[in-house]
Amino acid sequence: MIKVRNLVVYYGKFKALSGINLDVKKGGIIALIGPSGCGKTTLLYVLGGIVAKYEGEVLIDGAPVDPKKQRIGLVLQDYGLLPWKRVWENALLGLKVKKKVIGKEDKEYAEYVLARVGLSDFLKRYPGELSGGQRQRVAIARAFIMKPDILLMDEPFSALDAITREEMQDLFIDVWKGSSVSTVFVTHSTEEAMFVGEKIAVMTGPPGRIVEIVDNPFFSRREIEDSDLYFSMKLKLKELIKGM
Amino acid sequence: MKTRSSVRYIFIFILFFALWEVGSAVWKNPILPSPAAVLLNLKEKFLPKIAIHAALSAYRIAAGLVLSVLIGSVLGLLMGYYDSIDRILSPLIYFTYPIPKISLLPVVMILFGLGETSKITMIVIISVFQVIITARDTVKNIPKETYYSLKSLGADDRTVFREVILPAALPELLTAIKLSAGTAASVLFFTESFGTTLGMGYLIMDSWMRVNYLDMYSGILVLSLMGMLIFLSVDALYMKFCRWKR
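Chains as they are written, first to last, in my numbering: chain A, 1 to 244; chain B, 1001 to 1246.
If we strip away everything but chain A, and leave its shape as in the complex, we get (with noise of 0.2 Å):
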């Protein structure tokens, strides 16, 4: 569970998000969309912990956020992974940094959970070896192995073209729903959110601000039934995001 309460940071005397108010409930995903600039990442980051001076109260599961405690995973757009590690140590990275002792039964987890994002035949290579859409399957694979309290993507998409992008939002959602870890998914597309959020928190800024927050009846659905309703609803929150 995620809570967010009068969140305020400044970046010196530049006021970057302004009284953010936030859910997320244990096991949900919200997915957070805005134009570049508004705030997005630096929420992020404030609920990853790389952000440690703000106003106002951070809580996960109930308590302050600190990443020496809890379990934080974070998907990057790029340059979350180490390019001197293998795919493998890589993927381990978490772990190894949480607990040092690396037992059979995480090994186990991890060997599984990067089957499942397709990469068991790449383990020894290095980042610089890999396909855009394979960096990305290892850090999403690396923060699932960790087994985290909150998960927290920041664009993790974006740079990648526009089939493969499709292939990895399907798969995320995918090990996600086996999961049930809450998370916020933060994104610049329409399309995106209304896939890969139960709700979207559309924001604006700067300073960032959330100026509403919507329930979305398209959550992980590639088959649109409705598609009046889809695309009123994708306008609308264009019009939001513009501040119309």
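A hint or two may mislead.
[Claimed, not checked] 27 Å max Cα-Cα, derived DSSO-like pairs, lysine-lysine: (1) Lys1151/B - Lys26/A; (2) Lys53/A - Lys15/A; (3) Lys147/A - Lys1151/B; (4) Lys124/A - Lys1245/B; (5) Lys1240/B - Lys85/A; (6) Lys69/A - Lys177/A.
Derived from the structure by calculation, the hints contain no laboratory data. All values reported here derive from a predicted model rather than from experimental measurement.
Knowing the structure of chain A, use the given hints to seat chain B on it.
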């Protein structure tokens, strides 16, 4: 691959010696003896005369390099990661780097005597700067997103150093070692011309003074080979530890 690269080395050596041979045949001056004569002289004198000089010089270069890499990378990596340390040390480094440190040789000799310590110290105070600056700038150039996944895992600074900073800086550090090796050899050459009768620098200068060009070139050849060995071993380290770069 391995055999092909050694074939390439041998081929280039032969070419080099052939050009040298042509040069000496055309010039006909004792100041440039033929390579055959030098190699013959080297074969004759290496063990009885040159080896002891070479061993001592190799020791001085190795000790100097190891110390400057240790000191330089510790300082440089810390400066790169912690702004507070960088803010204090950078002005000091910028100010002292351009000092022609070879002119400090008399001071170093008074402080550390005529022995090994002062020679190794000279090598260290001259080559350590390249290592410091390379290490610092490499760390500064690591994209900050690289740290984020570790930070969100709650990693402490030790883990960040082990998992990110060291491996990221290693390729550049190895390059810095190569650069320092060249500097170290020339510094050594200079310091060995004073207050010692042992070392490649002494051997070469002494042969030169005695107009013994065969010995002089033999010494130069041995010094080159020592340098090449250092380069090849650094390359080997690169192949082993920086596979992800290729």
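Hints and how they fare:
1. Proximity of Lys1151/B to Lys26/A is assessed by CA-CA distance (about 23 Å); at most 27 Å being required, the pair is judged to hold.
2. For the proposed pair Lys53/A and Lys15/A, the alpha carbon gap of about 12 Å is at most 27 Å, so the pair holds.
3. Under the criterion of a C-alpha separation no larger than 27 Å, the hint pairing Lys147/A with Lys1151/B is consistent with the structure, at around 17 Å.
4. Proposed proximity of Lys124/A and Lys1245/B is supported: the alpha carbons are some 15 Å apart, at most 27 Å.
5. In summary, the hint linking Lys1240/B to Lys85/A is supported, as the alpha carbons are separated by about 13 Å, within the 27 Å threshold.
6. Pair hint Lys69/A plus Lys177/A holds up; C-alpha atoms about 25 Å apart against a cutoff of 27 Å.
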